[in-house]
Amino acid sequence: MSLHSSLIAQGRWYYTVTVATAGIGAWIPFVHASSRLNEPGLRRNAVAYGAGALVLLGLSAVTPTDANGDPQGTFGGVLSTVMAMLAIVMIVMACLQLRAPRQAVYPAPYHPHQGFVDPAVGNALAARNRRDEARRLVASDPSLARELMIGRPDYKRTYHDGGLIDLNNAPRGTLASFLGITDEAAGRIVAQRELLSRGFSSIEEAIVFSDQTGADADILRDRGVLLPR
Numbered sequence: 172m173s174l175h176s177s178l179i180a181q182g183r184w185y186y187t188v189t190v191a192t193a194g195i196g197a198w199i200p201f202v203h204a205s206s207r208l209n210e211p212g213l214r215r216n217a218v219a220y221g222a223g224a225l226v227l228l229g230l231s232a233v234t235p236t237d238a239n240g241d242p243q244g245t246f247g248g249v250l251s252t253v254m255a256m257l258a259i260v261m262i263v264m265a266c267l268q269l270r271a272p273r274q275a276v277y278p279a280p281y282h283p284h285q286g287f288v289d290p291a292v293g294n295a296l297a298a299r300n301r302r303d304e305a306r307r308l309v310a311s312d313p314s315l316a317r318e319l320m321i322g323r324p325d326y327k328r329t330y331h332d333g334g335l336i337d338l339n340n341a342p343r344g345t346l347a348s349f350l351g352i353t354d355e356a357a358g359r360i361v362a363q364r365e366l367l368s369r370g371f372s373s374i375e376e377a378i379v380f381s382d383q384t385g386a387d388a389d390i391l392r393d394r395g396v397l398l399p400r
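Count the sequence shown with my numbering and you get residues 172 to 400, in order.
Source of the hints: derived by calculation from the structure; they are not laboratory data.
Here the structure is a predicted model, which is why all the values come from computation and not from measurement.
Warning: the hint list may mix true and false statements.
The following label-pair restraints were derived from C-beta to C-beta distances [what the hints assert, rightly or not]:
hint, residue 1, residue 2, range
1, Leu228, Ser368, 44 to 54 Å
2, Pro399, Arg328, 11 to 21 Å
3, Thr329, Arg392, 18 to 28 Å
4, Arg270, Pro399, 16 to 26 Å
Just so you know, even glycine gets a beta-carbon here, dropped at the ideal spot from N, CA and C.
All chains should be built: construct the whole structure from the sequences, respecting the hints.
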């Protein structure tokens, strides 16, 4: 894979554009991610970084410079310092805030072992990889995970989470049908989470409190995820 293909396929261009433009182009990745994920927070970030870019360009326009383009005088030096500090802050903040949406737009691809040809096993492992990726997104950015409706197959959505089910929020029927557990077992999950103001704090807590055993406990460990209530 060429450097250009790697930057595009893995979303690294988000960081490249941000750093190479000294923060002025930091709004571009947020616009792209917002168009793919339809996340209001990303649109707000795009507007904020766009405003920051205008400030940088405005400061650059009014900074007095000499014939060589260097800042001239005390006023020019102050404006140059302000621009540099603002650019650094924008670059650092944008790179940190782009981590979660980049992973959502460009999830890590599944690479099967050499010689592996069984499509059923490949699909299962790819789904597992998706679940791991979605869980990392839930841990790093719960609000984005909620916008993507991770763990909620009962809603229309575009993000593929590998078959995760939100044990804290999914309705009883969804728990039963998508996890393949009995309606009674799903009912125990719903009943126990209602006793907790913030829902379950861990998958093991959900298993113990709702008295899940055997295969049902295993499926909750494999497919369960917890978003805040």
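Status of the hints after comparison with the structure:
1. About 48 Å separates the C-beta atoms of leucine 228 and serine 368, a value consistent with the hinted range of 44 to 54 Å.
2. Distance hint check for proline 399 and arginine 328: the Cβ-Cβ separation is about 18 Å, which falls inside the suggested range of 11 to 21 Å.
3. The hinted range of 18 to 28 Å is satisfied by threonine 329 and arginine 392, whose Cβ atoms lie roughly 27 Å apart.
4. Taken as a hint, the range 16 to 26 Å holds for the pair arginine 270 and proline 399, whose Cβ atoms sit roughly 20 Å apart.
Checked against the numbered hints above, the structure breaks none of them.
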